[in-house]
Amino acid sequence: MTFAEIPQRFLDEREYAETMGWGPVREEPLVSVVVTTYQQVEFIEDCLESVLMQKTAFPFEIIVGEDGSTDGTRERCVTYATRHPNQIRLFLRSRREAVYSTRGRQRRVNGIWSRQAARGAFIAVCDGDDLWTDPLKLQKQVDFLRARPDCVSCFHAVDLDDRIHGVLRRASIAPAARADGRYGLDDLLRLGNLIHTSSEVYRNTPVLDPPEWFYALPYRDFARHALLLGTGDDRWIGYMPECMAVYRMHSVGSWFSRGRQQRIADELEVYMALGENLDIEHRPEWKRAFSRLLANHTLARLSRRAVIEDLVMIWRKSPRLATTFALWVLPTRILDLVMKRASHLLPGSRTS
Numbered sequence: 006m007t008f009a010e011i012p013q014r015f016l017d018e019r020e021y022a023e024t025m026g027w028g029p030v031r032e033e034p035l036v037s038v039v040v041t042t043y044q045q046v047e048f049i050e051d052c053l054e055s056v057l058m059q060k061t062a063f064p065f066e067i068i069v070g071e072d073g074s075t076d077g078t079r080e081r082c083v084t085y086a087t088r089h090p091n092q093i094r095l096f097l098r099s100r101r102e103a104v105y106s107t108r109g110r111q112r113r114v115n116g117i118w119s120r121q122a123a124r125g126a127f128i129a130v131c132d133g134d135d136l137w138t139d140p141l142k143l144q145k146q147v148d149f150l151r152a153r154p155d156c157v158s159c160f161h162a163v164d165l166d167d168r169i170h171g172v173l174r175r176a177s178i179a180p181a182a183r184a185d186g187r188y189g190l191d192d193l194l195r196l197g198n199l200i201h202t203s204s205e206v207y208r209n210t211p212v213l214d215p216p217e218w219f220y221a222l223p224y225r226d227f228a229r230h231a232l233l234l235g236t237g238d239d240r241w242i243g244y245m246p247e248c249m250a251v252y253r254m255h256s257v258g259s260w261f262s263r264g265r266q267q268r269i270a271d272e273l274e275v276y277m278a279l280g281e282n283l284d285i286e287h288r289p290e291w292k293r294a295f296s297r298l299l300a301n302h303t304l305a306r307l308s309r310r311a312v313i314e315d316l317v318m319i320w321r322k323s324p325r326l327a328t329t330f331a332l333w334v335l336p337t338r339i340l341d342l343v344m345k346r347a348s349h350l351l352p353g354s355r356t357s
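For the sequence shown, the positions run 6 to 357 when this note's numbering is used.
Where hints are given, some of them may not hold.
Using C-beta positions, here's what the derived DEER-type ranges look like [as the list claims (entries may be wrong)]:
1. 218 <-> 152: 20 to 26 Å
2. 290 <-> 88: 44 to 50 Å
3. 325 <-> 10: 15 to 21 Å
4. 149 <-> 237: 18 to 24 Å
5. 322 <-> 51: 37 to 43 Å
6. 57 <-> 324: 49 to 55 Å
7. 317 <-> 26: 30 to 36 Å
8. 322 <-> 248: 19 to 25 Å
9. 99 <-> 293: 37 to 43 Å
10. 247 <-> 198: 16 to 22 Å
Just so you know, these hints were derived from the structure itself, not from any lab. Since the model is a prediction, treat every value here as computed from it, not as a measurement. Cβ coordinates follow ideal geometry from the N, Cα and C atoms, glycine included.
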């Protein structure tokens, strides 16, 4: 599917209830909870139950984007949509059709389309392999945002269920990052993608209508935060220290199934896109983050030609970003190599 085909394909989408001829009458929701899932049969029921248990003073809908699972996830989603037709809006998508092709690569559109289907003034997210633990989570976060009109999004601490290493621990941002819990664009550029997806509730604004470059990203949460904040200083994202969700890390997760080098390359691509399309290459925090990512990418590849190859790669996409790379990263990289070579001449250094 090309970018030109996306709008019509989205408009042609039909909910599971429509295909069954139910056509239920639903209240207009204040909040749309988006659940995207693929091959998560082990977790999806816990996820949906944790959303359904929410106690709120307002109506909310649950949008489930099922992305063509073959492990039983799809059938579980159908069961829940059948039980809760007035609250769950299920979209059954195809692995072949719900995909955007760009520059020889394919990007899934399940997440974008699920969010675009949202009718609420606020959007909450719970990934299909995560779950919420506080029945008042939605109410607390909506109250937080309503009381702070300049706050575009809020997030909270989560428990990390690390099924790769077999540990359960609290995973929240370092308190020293922002003592006041207010994060602007420069904070995000400096700290990276610190917001756990299933902890976020944000305002559903027109700025989130995705441009073509957004569809092409390897992951989009961080870019969405940047779009919400904009380039001014009048908007911020709020942090709530309460722990109200569990984030599961497992071997089949879409992010941790990638190797370290690929994760660095993906993060670099996102920063490049933000720099070019939001015109923020002049911001010191973007320059520092971009330099760090390029250095990490070069080191991860362990090749003498890596710096030149990276420069050529960036130049083909954006000569302006390539200039930034040449001015900021190359001198740092050369100095680093000189210092490493010089360290071998110091007394006590290893010479073998």
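Going through the hints against the structure:
Residue 218 and residue 152 have their C-beta atoms about 34 Å apart, which leaves the hinted 20 to 26 Å range violated. Checked against the given bound of 44 to 50 Å, the beta carbons of residue 290 and residue 88, roughly 47 Å apart, stay inside it. Evaluation of the 15 to 21 Å hint for residue 325 and residue 10 yields a failure: the beta carbon distance comes to about 30 Å. The hinted window of 18 to 24 Å between residue 149 and residue 237 holds, with their beta carbons roughly 21 Å apart.
Taken as a hint, the range 37 to 43 Å holds for the pair residue 322 and residue 51, whose Cβ atoms sit roughly 41 Å apart. Range check, residue 57 to residue 324: about 51 Å between beta-carbon atoms, so the 49 to 55 Å window is met. Our hint of 30 to 36 Å for residue 317 and residue 26 is violated, since their Cβ atoms are close to 56 Å apart. Hint check: residue 322 to residue 248, Cβ distance near 40 Å, so the stated range 19 to 25 Å is violated.
Between residue 99 and residue 293 the CB atoms are about 42 Å apart, so this pair conforms to the stated range of 37 to 43 Å. Separated by about 21 Å at the C-beta atoms, residue 247 and residue 198 satisfy the suggested range of 16 to 22 Å.
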